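All chains, full assembly: derive it from the sequences and hints.
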Amino acid sequence: MRYLALGFALLTLGACQTTQDRQVGLQERLDAYAGFPLAVFIDRTGKVPSSSVDVGAERYVTFQGATVVLTAVGSGYTPTVSSAFTCKVTMRTGADNRILSARHEGPCDGFL
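Residue 73 in our numbering sits at position 73 of the sequence shown; the count goes up by one each step and never skips.
If a hint is listed, it holds; no wrong ones were tucked in.
Restraint-style ranges between C-beta atoms, simulated for each label pair: (1) Val-53 / Tyr-77: 35 to 43 Å; (2) Arg-98 / Val-73: 36 to 44 Å; (3) Ser-75 / Ser-50: 34 to 42 Å; (4) Gly-94 / Gln-27: 16 to 24 Å; (5) Asp-31 / Asp-54: 18 to 26 Å; (6) Gly-94 / Val-73: 42 to 50 Å; (7) Thr-78 / Ala-57: 43 to 51 Å; (8) Ala-72 / Ala-95: 47 to 55 Å; (9) Thr-62 / Glu-28: 16 to 24 Å; (10) Asp-54 / Lys-88: 17 to 25 Å; (11) Leu-112 / Thr-71: 19 to 27 Å; (12) Ser-51 / Thr-78: 26 to 34 Å.
Calculated directly from the structure, the hints in this document are not laboratory data.
Remember, it's a predicted structure, so these values are computed and weren't measured experimentally.
Backbone N, C-alpha and C fix where the C-beta goes; we use that ideal spot for every residue, glycine too.
Okay, here's the thing in C-alpha cells:
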C-alpha cells in the first residue's frame, strides 16, 4: 500500500509540471543530440522524418506528429492523441549528416 501511495504521489507531481517546463526539457533533450548522426536519433526514438529540404551543404529534416494529451479519467489519466495540435521538430544537419541544431514548434508533450 505504501508503494501505491508513493506511485500516486509521483504521478501527481508529474501532472503538476507545467507545459513550459516540459518544453524546456524537450529542447534540452533535443540539444543533447547535437554532433550525433541523424541515424542515431532515428534509431533511439523511432521517429520517422516527414520531410527534408537541402539548403546548400545543409539539410533541414522535419519530424511532425500529433500531441499526446493526458485526460483525467476517474482516479487516473488516459493518454489520447490530439489532432488539433501538432508538434514539429526541425533538425539542421551538415554534409556528413550529423545534427548541428534542433528546434521545436507547437505543443510537443510526449514527443520524446
